[in-house]
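Asks: Residue numbers (numbering that gives the first Met the number 0), protein chains in the order written: chain A, 0 to 473; chain B, 0 to 473.
Hints should not be assumed to be uniformly reliable.
[To be verified] Selected chain B positions facing chain A (Cβ under 7 Å, derived; list incomplete):
(1) Thr-1
(2) Asn-23
(3) Phe-193
(4) Asp-194
(5) Gln-291
[Stated by the list, open to error] Computed far set for chain B versus chain A, every beta-carbon distance over 12 Å:
(6) Leu-242
(7) Ala-321
(8) Gly-387
[Said to hold, decoys possible] Which chain A residues face chain B? A few, computed with CB under 10 Å, are given here:
(9) Gly-153
(10) Leu-158
(11) Asn-181
(12) His-272
(13) Leu-276
(14) His-280
(15) Ser-281
(16) Arg-413
If you're looking for bench data, these hints aren't it; they were derived computationally from the structure. Virtual Cβ for every residue (Gly too), placed ideally from N, Cα, C.
There are 2 protein chains.
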Amino acid sequence: MTKPTADILDRLKKIVGPAGYIDNPADMEPYCVSWRDGWRGDTPLVLRPASTAEVAEIVKLCAAAGVPIVPQGGNTGLTGGGQPHAGGLEVVVSTARMNRIRAVDTLNDTMTVEAGVVLTTIQDKAAEMDRLFPLSLGAEGSCQIGGNLSTNAGGTQVLRYGNARNLVLGLEVVLPDGRVWNGLRGLRKDNTGFDMKQLFIGGEGCIGIITAAVLRLFPKPRESQTAFVAVPDPNAAVKLLGLMRSRLGEQVTSFELLQRNCLDFVFDALDGHEDPLAEIHSWYVLTEVTGQGAPGSLKEPLEEALAEAIEQELVPDAVIAASGDQSKKLWAIREELAEAQKLTGVGIKHDVSVPLSRIAEFIERADTALEKAYPGIRPCGFGHVGDGNIHYNPIAPKDWDGAAFAAEREKVNRIVHDIVAEMDGSISAEHGLGRLRREEAELYKSEVEMDMMRAVKKALDPNNIMNPGKMLRL
Amino acid sequence: MTKPTADILDRLKKIVGPAGYIDNPADMEPYCVSWRDGWRGDTPLVLRPASTAEVAEIVKLCAAAGVPIVPQGGNTGLTGGGQPHAGGLEVVVSTARMNRIRAVDTLNDTMTVEAGVVLTTIQDKAAEMDRLFPLSLGAEGSCQIGGNLSTNAGGTQVLRYGNARNLVLGLEVVLPDGRVWNGLRGLRKDNTGFDMKQLFIGGEGCIGIITAAVLRLFPKPRESQTAFVAVPDPNAAVKLLGLMRSRLGEQVTSFELLQRNCLDFVFDALDGHEDPLAEIHSWYVLTEVTGQGAPGSLKEPLEEALAEAIEQELVPDAVIAASGDQSKKLWAIREELAEAQKLTGVGIKHDVSVPLSRIAEFIERADTALEKAYPGIRPCGFGHVGDGNIHYNPIAPKDWDGAAFAAEREKVNRIVHDIVAEMDGSISAEHGLGRLRREEAELYKSEVEMDMMRAVKKALDPNNIMNPGKMLRL
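With the hints as constraints, model all of the structure from the sequences given.
Replies: Structure representation (structure tokens):
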């Protein structure tokens, strides 16, 4: 690979016109660095096409000239998948200007959007039409739907509505040869061959650039109840989930586990919080049930389920939010945890999943192994336990220097991920591989699976121009 | 391609032992013909391996010898995808003996099953564990889960629970080179590269043989209500669905549309039925709502939703089943429709889907075009309208000879499917392509999409030994 020539760069600029590119280093900087974890690289040119046709022309030219492309949405990813490598060989193609909502169909419960539409814009538009688009995550104010789909984003409502994969019916994609695949079908059933869209969803931009999507909409819930529940251990949390689902079905929308440490980190580092329960417990669940019934209609069923859980000794104490404000305060504990961790000390992050039946075992084994290797390490486990997804982010022992602990990252990753792998879990439940977990995936995935993935990549991007070196090494 | 030699056949037999193969023509017959529509072919050998290891050995040997394989489950498919071609070049590999339930995990709500387990066995096992496995379709007493997954089966509960694709978390597959991919993960979140299982689901056995799967289980509903509802037209049906979902959410489990004709076919051809409503209407919806609440708890919400629909003039009349028996009688109308069609006359079948917002337009346009081409043709439209899926099976005009009408199949298909294609619909919503729709798929799918599908097939099955000529021509 060589740097794109001045001639190629000129021709790329002509495709998008003056409003469609950035080529001065200062303005390109935000496209070259990640907001967290220090991923950075260089590019000679950031392209901001305004249409699928422009994307197609760009890719055609890059394919002919052998110029690799880094597709980029809101640049909110956590694994270094969206920034160029060092060296300035790649051009960045940002979808930011492709931000039109093309259509809303309330009978079909679908919305057709371009890749650059920001997630909250979609949520808001859905709400305006008396619908719900349930994808919801921390970065929702700046992430773009194209990136959400390319990384198969998760978030806090996966339990009820599934991952991003489950929220999309059709895609439009510019392929690595510059051809446009119009797969914008708004169908819930279509068995006419391989379901090709599934490869682009979670494909991390490695075989094409998603330019538009048909998204599923859902009835807007009219009622919701939030509960903050103490549990003796993660196993009780999983049993509580089963009990709640048997009583409330899909209405159990969120089910987040929190280790006591997490609460203390929030209470110690940030103002405006108070302990929701009178006593101190080892573990908590923050759960939300939502439904279509009248406001208040889920309170009694939720109370009954919790009463049953108390009777079964799964739950020592619980509180149901008495108001929307109180619900917000409970959720704030969960939402401000990321900030609180940062203020507490250097943490080493893991985004893992295991079968729900092994969550307790995973946490216990990982805590024990880490305490042995790093006495005084501060466990910090929380996450979307209803999906088997734990954000397991132990924080440096108090007497450790932060940088010294950060230098242990690979060793800590190995301890945690070896346990995950023994439990047939995933080392990246919702964040993807990018550059952060690419080599680790090779460690833990079978050769057969790696071979299949490489075969697909080579079949669809034979010249490796789409986001090369991300997710997968050839 | 040449016929497998006697030596190869002997070696294949040795892999499975005497209990594992059939080689006399009479006993092989059921593996070579379809139960409907007359698909048939020949094979020199039907293999019935008892384990994944045996399947792997078979495939390895076939790959080395260039012997193509037809994977087969319960042989209940409707598109000629599961039988060998004429000529005896292919061996059949039946999964029938791989029928163990390997594990049930009620905390993770998963069941790990081998490919040959019959669907009702899985449903029953789930029920025994106080869980629901929601896949449900006409052939459930003999179809096997491997085939259900390979065809991404649909059925009557897709509205709530999704297609087969949505019911599987992990797969074990023997690849075309005989290697075993152990992707039997019981995870709800796993973003570590391309989601390879998605290619095998609905892949019609063209890139590997599914040998086992991790299936999702759901809470068993404790309450259900069935309603038979008249609607003036299909558009009102779609609006009624929206209304019901806004009131009852995911609890709306089934939502089946029936043209008046369909009722008459059943009432005229079969005994034991009566019209559920006093007056005659043009269209009907058979809907079922299920939930986790106490028995009877959904009656009032359903009544309220229907009352609102009556007020909005979406519904002229409706009845809610007063008992389980009455519910069964209502469902029998829908379930015996296939038999009634056969007794009424020769029909030409279509399994199409369109966006819900275009169902009414589709039916109107197709009815009109067919009446013009075949005056007196008897429309017969019904199906899973909640999924946009219509089984559109017009029956020969009364004065036509059945065989003469059957000979019009391609012309009728073209009229119907051209309209479907103009509406961005699917010409095979839930039955797959097999041999029946393979050429038609080429007509309606874009060259770009066909190229991608071929690229995937070639990447994963370069020697084209897995179910060659099904779904896709190379």
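Asks: Which numbered hints turn out to be false for this structure?
Replies: Result: hints 1, 2, 6, 8, 12, 13, 14, 15 and 16 break, sorted rising.
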